[in-house]
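Enquirer: Residue numbers (the working numbering), protein chains in the order written: chain A, 1 to 174; chain B, 1 to 619.
Hints in this document: simulated from the structure, not taken from any laboratory.
None of these values were measured; they are calculated from a predicted model.
Check each hint, because a few of them may be wrong.
[Said to hold, decoys possible] Think about it this way: if two alpha-carbon atoms lie no more than 27 angstroms apart in a straight line, the pair counts; the simulated DSSO-like pairs of lysine-lysine are:
1. B:K531 <-> A:K152
2. B:K461 <-> B:K508
3. A:K172 <-> A:K147
4. A:K152 <-> A:K88
5. A:K146 <-> B:K516
6. A:K146 <-> B:K531
7. A:K147 <-> B:K531
8. B:K491 <-> B:K471
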Amino acid sequence: MKALLRGILAGLLVWPCLLLADPESAVETGVNEEVQTLKQQVLELNRDLFMLEEELLFPSNTQVSVFVSMNVGEFFQLDSVQVKLDGKEVANYLYTRRELDALIRGGVQRIHIGNLRSGEHELVAFFTGKGPQGRDYKRGATTRIKKGLGPKYVELKIVDQTKNFQPEFDIKEW
Amino acid sequence: MPKLPLQFLLLCVWLATTSGSYAVSVKPQQVLDLHYGEVLFHFYQEDYFTAISHLMVARQQNLLQHHLNESELLLGGLQLSYGMPDQAERRFDRLLDQNTDADLRNRIWYYLTKISYQRGHYRRALGNLRKIDKLGDKSISTELALLNANLHMALGENDKAADVLKNTRAPDEWEEYLRINRGIALLRAGELEEGRKTLDKLGKVDADNEELRALRDRANLGLGYELLRAGDAGQARDYLNRVRLQGPFIQAALLGAGWADAEQGDYKQALTPWLELLELASYEAPVQEAHLAVPYAFAQLGDSKHAIYFYEQAIGYFDEEQQQLEAAIQGTQSGELLSLLSQADTGNSGGWLHDTPTLEGVPSGRYLVDILSSHSFQEPLKDYRDLGYLQQLLQQWLENIDLYYDMVDARRLAYQQRAPLIRQRLEKQEAKALYQRWQDYQSLTLAQHGSGDPLDLATGKEKRQWRTLRKVQATLASLAPEPRHTNMLAKARWLQGILYWQIQADYKARLWDVEKQLQSLEGPVTEATSKHLQVSEALDHVKVGFDGYDRRIAVMRERILTLLPDIQTSRNNTSDQLQRLALKELESRRQRLASYRIQARYALARSYDQIAQQSGEQP
Chain A
1 MKALLRGILA GLLVWPCLLL ADPESAVETG VNEEVQTLKQ QVLELNRDLF
51 MLEEELLFPS NTQVSVFVSM NVGEFFQLDS VQVKLDGKEV ANYLYTRREL
101 DALIRGGVQR IHIGNLRSGE HELVAFFTGK GPQGRDYKRG ATTRIKKGLG
151 PKYVELKIVD QTKNFQPEFD IKEW
Chain B
1 MPKLPLQFLL LCVWLATTSG SYAVSVKPQQ VLDLHYGEVL FHFYQEDYFT
51 AISHLMVARQ QNLLQHHLNE SELLLGGLQL SYGMPDQAER RFDRLLDQNT
101 DADLRNRIWY YLTKISYQRG HYRRALGNLR KIDKLGDKSI STELALLNAN
151 LHMALGENDK AADVLKNTRA PDEWEEYLRI NRGIALLRAG ELEEGRKTLD
201 KLGKVDADNE ELRALRDRAN LGLGYELLRA GDAGQARDYL NRVRLQGPFI
251 QAALLGAGWA DAEQGDYKQA LTPWLELLEL ASYEAPVQEA HLAVPYAFAQ
301 LGDSKHAIYF YEQAIGYFDE EQQQLEAAIQ GTQSGELLSL LSQADTGNSG
351 GWLHDTPTLE GVPSGRYLVD ILSSHSFQEP LKDYRDLGYL QQLLQQWLEN
401 IDLYYDMVDA RRLAYQQRAP LIRQRLEKQE AKALYQRWQD YQSLTLAQHG
451 SGDPLDLATG KEKRQWRTLR KVQATLASLA PEPRHTNMLA KARWLQGILY
501 WQIQADYKAR LWDVEKQLQS LEGPVTEATS KHLQVSEALD HVKVGFDGYD
551 RRIAVMRERI LTLLPDIQTS RNNTSDQLQR LALKELESRR QRLASYRIQA
601 RYALARSYDQ IAQQSGEQP
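Generate the whole structure from the sequences, applying the supplied hints.
Expert: This is the structure we're talking about:
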């Protein structure tokens, strides 16, 4: 019976020791070269397809892209952004926590890509969110953008106004 | 159960090294190219495939002029995160060959360390790590120290690992992780007392969140077992008692607590945690072992009846478990696992399994919970999911590509319908004629500066009036010279003089105005000429463009069709690999169970013998 005790006890003592075992030995990469090569091939193909699609759907002469970025304090939480071009709604976006974090860390979201004739156009943007004490915010901005021959990029940057520390749109044409 | 704490520990260590702050700054980044910011937006959401795709497109379109070096490093990091370490390593090596600044080189060496670490090339990883310069930031230094210690432990150099961690001062948020790693390194290096002190502190820490509480349990459990192994059962019991009843380590703690009591000869006391384990109706290793430990304790207490009862119960339990395990093995062999894994196809580009798929209704499900969360299974599972996503993506592109053909065809048709009309208009050379007229006016205006005839700038009405007055005068001059006619002629001449005076008086203003208008027309007229040329060239090029699109689309379609079967084959291989891993796990469980069953049967026979002997001795 002592042998049984020793057997069981030995087994018991082995597995907690496994807990102390080197983590890397268990880190089997599991990544084989075949999968890596396929990933690379698909990524390259995806890039080419993406560019072809863009050329066909949004030729550079008419392409317009609207981007959203943020540079605000921690107390403002963005809920949504709405964009209208020449009176027509082209984007109405609700943000997830994950997307907000990405924006706060410096990410820039392309909220709209479309086509516009060359010339002047009206862009109207609204954003909603919550400020300190859960206060609801809604702010808007209007601007006229000039579409030329190349692709047009417009950045809607939500920034804190230094005057009143409240978030506002800062619109920049690239 | 045994895998769970191991997995948890791995997770802690892995988090410390994988998502560390060093590779990518957590502070908001200054974005100077919108497209770089777009890549970061997807990267920060861990959507690596989309991030890499956007980065590749932006690089191809030359849209990252302000972030060239960073984008190269980011691409390497993204490839590493997306399970492409070979490509990442080659990229980092290329970057090191260039004249990169110290900070960039440090980050490259960090990534190269991680790649070697993941591949198990620990010595090489240590070499790479040493190339990182000393850093001022405490968090980064701690992260690197943990990585350094892990590498030493992997090489069996536990004393070096302990030294590294002893000399590291961690910021508050890292303290607990540093301490548990330090404690483990010390224990493994044989410095039991110091290791105990380190883990003891962690075991008493006032934890305000679940992660810390689990870490505290983990420290107490590890320490308890280590002391049990060292023969200090009394102290081991104290540490095991600290493990929370509701925590993930309770089964192991109860089992160890029983053995600590048993080691001290108190089998009655040992029965309390062991019997509690039997009530859990679990199939984990500690419960299985408790099924043997309980009758053993009764036997030690001389209670053969209870010993026999619990041995028989254990045999029944093992038999039942054995049957279920057999069913699970058969199920896995027949492809049940694949159906489970198919639940993992979420259409998401990130291959990590964040939510465990439901295991209900799958016989092998409960045995696979542990293996699903183990790293050796997660990596191929991630590949399997990644490949599934790539397959869906290419299928989607294949459907779209037919639309592109239609789109190009529609444009070609529109071209064929409109081109002749446009050519007709172009042949009229309207822009050229317009430009000629503009040039004529320009010459006329220039001539005005020389001749200065104000009548050239008369309005249409004035010219008509001028002509009428001249005509009137000519008519009057041809009539008989009567006083009435003479008066009328004089009046006509007077009116003509007035008209000329008016025109001359406005002459300078009119000349300036005409020049201004001609100047403002120069741009549009020149643009019209240039547009004429553009349209003319475009008409010729568009036709060639259509053929170009047709060729491009055909080539891409071919590339998709070539890749799809390769992905399917690779996915099948990965699923086979997963099946093998699962079967290996199930097989090891079967062997363990078989061993327990033999031990139980043997012990039961011994118990019956003892009773028989006792009966023989007491007629």
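Enquirer: Each of the hints needs a verdict: does it hold here or not?
Expert: Cross-check of the supplied hints:
no., hint, result
1, B:K531 <-> A:K152, "21 angstroms, holds"
2, B:K461 <-> B:K508, "19 angstroms, holds"
3, A:K172 <-> A:K147, "14 angstroms, holds"
4, A:K152 <-> A:K88, "18 angstroms, holds"
5, A:K146 <-> B:K516, "26 angstroms, holds"
6, A:K146 <-> B:K531, "19 angstroms, holds"
7, A:K147 <-> B:K531, "17 angstroms, holds"
8, B:K491 <-> B:K471, "13 angstroms, holds"
Violated hints for the displayed structure: none, as all numbered hints are satisfied.
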